[in-house]
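**Student:** If you want the building blocks of each chain, they are given just below.
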Amino acid sequence: MTLTFIWTTVGALLTLCVYSFLYKDNPFYKFAEHLVVGVSAGYYLVIYYFNFIDPNVVRPVFQLELGGEAVAFGGTEWWMALIPGLLGLLLYTRFFPKIAWVGRWPLGIYVGGYAGLGISPVMQARVIDQMQAASSPLAGVPDPFAAATNAALGFAIFVVLTYFLLVKRHIVARGIAMSIGAVVLSAVAGYGGYVVLSALSAQGVVSMTNILLVVGLLGTLAYFFFSMRHAGLLGGLARIGIIFLMVGFGASFGYTVMSRISLLIGRVSFLLTDWLHLI
Amino acid sequence: MMRASLAVLSVLIVALSCGWASAQDDPVPIETGLAPPDTIPDILPPAPATDLTAVDLVDNDDAGDKIELTWTLSPDDAGGMRDVTGYYLWRSESPDARGDTLALVVAGTSSFVDDTAVPGVPYYYAVTATDGTSLSGEAAFGPVSGRRDWFTVSRLAVLVLAAIFFALVLAFTRLAEKGAELFVRRIPGLNAIEEAVGRATEMGRPVLYVPGIGEIDNIMTIASLTILSHVAKITARYETPLIVPTARAVVMSAAEEVVKEAYAEAGKPDAYNPDNIRYLSDAQFAFAGAVNGIMLRERPAANLYLGAFWAESLLLAETGFEAGAIQVAGTAMVSQLPFFVTACDYTLLGEELYAASAYLSREPKLLGGLKGSDWMKIITIGLIVVGIIMNLAGADAFVEWFHTN
Amino acid sequence: MRRRVPLTLCFIAGLFMAVQYFIPHHNVAAAYERLLLWLQTLLAFAFLLGTVSLIRVHYHKVRDRAPDRGFSIVMFVGLFLMIGLGFFHPSHHAPGSPFNRMFLYVQVPIEATMFSLLAFYIASAAFRAFRARTLEATLLLVAAAIVMLGRVPIGDMISARIPEATRWILEVPNLAAKRGIMIGVGLGMMATALKIMLGIERAWMGGGD
Amino acid sequence: MASVTEFFEKFLRIDRRWIFLAIAIAVVVPFFLPLGLPVVVTPPVQRLYDAVEELELGGPPLLLSIDYTPATSPELEPMSTAILRHVFRQDARVIVMTLHPAGYGMAESAILAAAEEEGAEYGEDFCFLGFQPGTSAVILGLGVNISNVFPEDAYGTPLTEIPMMEGIRNYDDIPLLISLAGWSASEAWVYYAHQPYGQRVGGGVTAVMATDLYPYLDSGQLVGLLGGMRGAAEYEELIGQHGSGVRGMDSQSVIHLIIIILIILGNLAYFMTRRQRKLAGEGT
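Residue numbers (the working numbering), protein chains in the order written: chain B, 1 to 279; chain A, 1 to 405; chain Z, 1 to 209; chain H, 1 to 284.
I should point out that these hints are in silico values taken from the structure, not numbers from a laboratory. The beta carbon of each residue, even a glycine, is placed where N, CA and C say it ideally should be. Where hints are given, some of them may not hold.
[Claimed, not checked] With a Cα cut of at most 30 Å, we get these calculated DSSO-like pairs of lysine-lysine:
1) H/Lys10 - B/Lys30
2) Z/Lys61 - B/Lys24
3) A/Lys178 - A/Lys233
[What the hints assert, rightly or not] Some chain Z residues well away from chain B (every beta-carbon gap over 12 Å; in silico):
4) His25
5) Arg63
6) Gln107
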């Protein structure tokens, strides 16, 4: 109990050292910063050694026993563990300028191997499967009414924004009149879209979402297309792409705020609950 | 004109969605009649399973010892008499005998993997349904033999697309090496960078260029150094001070080389000030704090953030905004883009950073990758559009062909 | 010797790893399994390189009597304390050991707190830097505000439409944009991998001959 | 009018440490005065919960990869706690491992706490394989044979001597895999476990990364997704035991509201002062 309290106090004081940075950079913060660099490096070293190097290199090479019997690890013969071990040691020649070039040999295997490993899974996960998902219809929508309003509203906003982006670049410059116009227009378009959609089946809503998804994807791809000037159809698509990109970044922004606040809540909870037992 | 095309567009969309909706209507399964209650004494053997097929299974570690059996369930399994309790699977090396029992699987199962096959030996398989007391007639299939395969056919699509893509990249790289004019559109962000530098010159204040905190082998850092060279040439011409803070020692020496060379090329080697290329700290927050210090003390009029940034992006862009500098940013770290977009005057989004560096350097390896990716995007768009049309037409074979695993 | 051998090794390792994906043959799979273990071993050794570099940097600071060498000593104390506790303490790294507690009560609080500092900066940036200056920035801010409200319970209380709008933003425009980025970045990753294998991109070798 | 502008200009130049103070107060107060706001469950979380629910009593285990580091633990630790509680409560089994060296300590403390609470037994209900370096090489290696990658568990016991590992060879014997990470580990699991081996993968990530993973959710490459502390809170709601996730939602609500107000005030002040400057003809 008391031992845990002492450790918790250490953690709490270090937490406060880091927060002192909010006032300004100071020795307490620097102390914590350097301490954690050392502690984490030491921690990683120990974990790497006991979890990997010891069972996969040291023990097979020196034929040390595993659980009572001299087992070849994963069928590893001692020399099969020795070769990568030696190659790994060659990496350290970089600290000796004269023979530093030898260190490129294992590095070559390492860099090349990892490059080769990635190619096909990345092609499959990021390109082919995404392409396939983009051209397949969505699964059923649970609440057609909510989906209808959302899709209609989204579509209306999309149409209005496209209009302003394509025809009138500077929405802010036109002042309040234009903003009111935009609101009225989107409300009218939203209601219109809603009426059209409710006339359709729930599947129509799904299709509308699908079309938005496809248009957004094509727009984004068009935005990142560099071999032609952005004019005409390509220019229009790229403008649409920018809208989607910005809404996407907005979503990331909102989520990122959430993320950082969560970390703060976690630390405050540590200070108030785990350390001071106030709550 | 605009309105007319919008109207056409909306009509098209509605038409398309109706088409899509009808394409999506799933066939409704027809409810079959229920079987009579199981009160009649069971003397009849169940109806047999049918359509047994056996194929050599190809998995990731193909030792040729796996053969996959599939069959159609007996009509008495979940239908008819509903008295099937399981299926016996048989394996023989001759077509005449039923051979040994391979396995007994429970009712409702319609596939089984025999993983005890000897590679190259032809086998004959049979399946019989059982109700616990009697066996049905058999469905047989054979001969089939296991093989150690040299190609996973289901991954053909990956191979084909990767091959096309790589051919494009290599072809464009070769073209660029031969000096062909490959068109890359000018990135608007470059104009913004030049304007920002011009503004700093007018005001007689320095330009701050942060190449990110990535290591030297990070492609974003490499792209950033290309753009740095371009910026350095402009600042050399106007003799505007250029401050380059770095977070990695190696990046600092690379930046020194780049800037020195650019000043020499612009004919102003004397204007180069080595004290302005600085290594601040490897630690993320310490680095951000030190750069913020530079912004507040030396008051640069233009802040350029191009390269790999993590959480420090926010700290930098906020202070720069507050200090009233013109800010241009560019990174391929998608998670940091929102902060740059809101707090900077112009932001190069993702791939635009690479495109800008390829545009400026005209280096074949950069151009090749960029053009190859561009054309692959066109192919992707084409495939998506064709996929959608095929889907609307009710033919999913095209999309299915890309289904791997 | 100095450039050709590593480039050749890089090409062979890369080609084998890329091609084995399509070859299910048992013998190839066995070789692949072996090479995976080799890559892991190399990675482990490469990781520990970082520790050696760290020691060198701080050793030089102490030796050269740099003004803030005191902090370098703090770093060394942390490092060697962990190594000592990890290798020589009787209970090694069992749960509840001093090694383990150093992790939970020194490393965890400092690292977690450093990132939580950003919560404060994001709030101040929201006030001082996030301006609806362009249409793009406006769109971003509006979407962000909706998502921020829609992902916390208070959004539900204001209006049930807010979480729905959030879901729509995430599943339609966000999805479309992120998918586009995903495809573009994926192609970039593959092109880089190809260039590394073929020795067109060789920044990993560093300078010199 | 001028005085209003002056006020806004002063307001814009306020020392940011006042804002820091406001945030600090806003996060602390809800701890003492909880609002008890309800948490509504969203589909990506429900889908992950359902996938865990499908695990059978004493059947093939869940593979839980605890890949987060201390820096993101407040967001992700509530997830691992909730998932482990859920698994143990339905008497299913779980194999825990990590792809990050710092994940070792995080995983160990999470699993020991949950196991003690729910009375799960080491070797029967759960086991901890520890850490292996190499991310993609590790994930691919597990698809061939788990004991090649982890010849022994974290405490040096060979896998062959752990009862629950009997008959567990590779992904074929693992119905579900969940990765909890604050870095690209979740994507690596999609690339290297789902694509080549067809493994079902679920994820729990920081809110920063969550939006980028939606395409995988839509295409089915991810079974379900927990995004940030809110994701953890929803999972806690589903298992009916509130933890730090749900508790954090009150503070989270208040601060989000404050930040939105700050954005609005900042923009208002900005536009007011800008208009004033424009009228005075000072700038553009």
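**Student:** Indicate, hint by hint, whether the structure satisfies it.
**Tutor:** Going down the list of hints, with the structure as the test:
1. H/Lys10 - B/Lys30: violated (33 Å)
2. Z/Lys61 - B/Lys24: Satisfied, since the Cα-Cα distance of roughly 24 Å is no more than 30 Å.
3. A/Lys178 - A/Lys233: Within the cut-off at roughly 27 Å; holds.
4. His25: holds (16 Å)
5. Arg63: Per Cβ check, arginine 63 of chain Z is outside 12 Å of chain B; nearest 16 Å; holds.
6. Gln107: Non-interface label on glutamine 107 of chain Z violated, nearest chain B Cβ at 5 Å vs cutoff 12 Å.
Hint compliance for this structure: hints 1, 6 are broken, all remaining hints hold.
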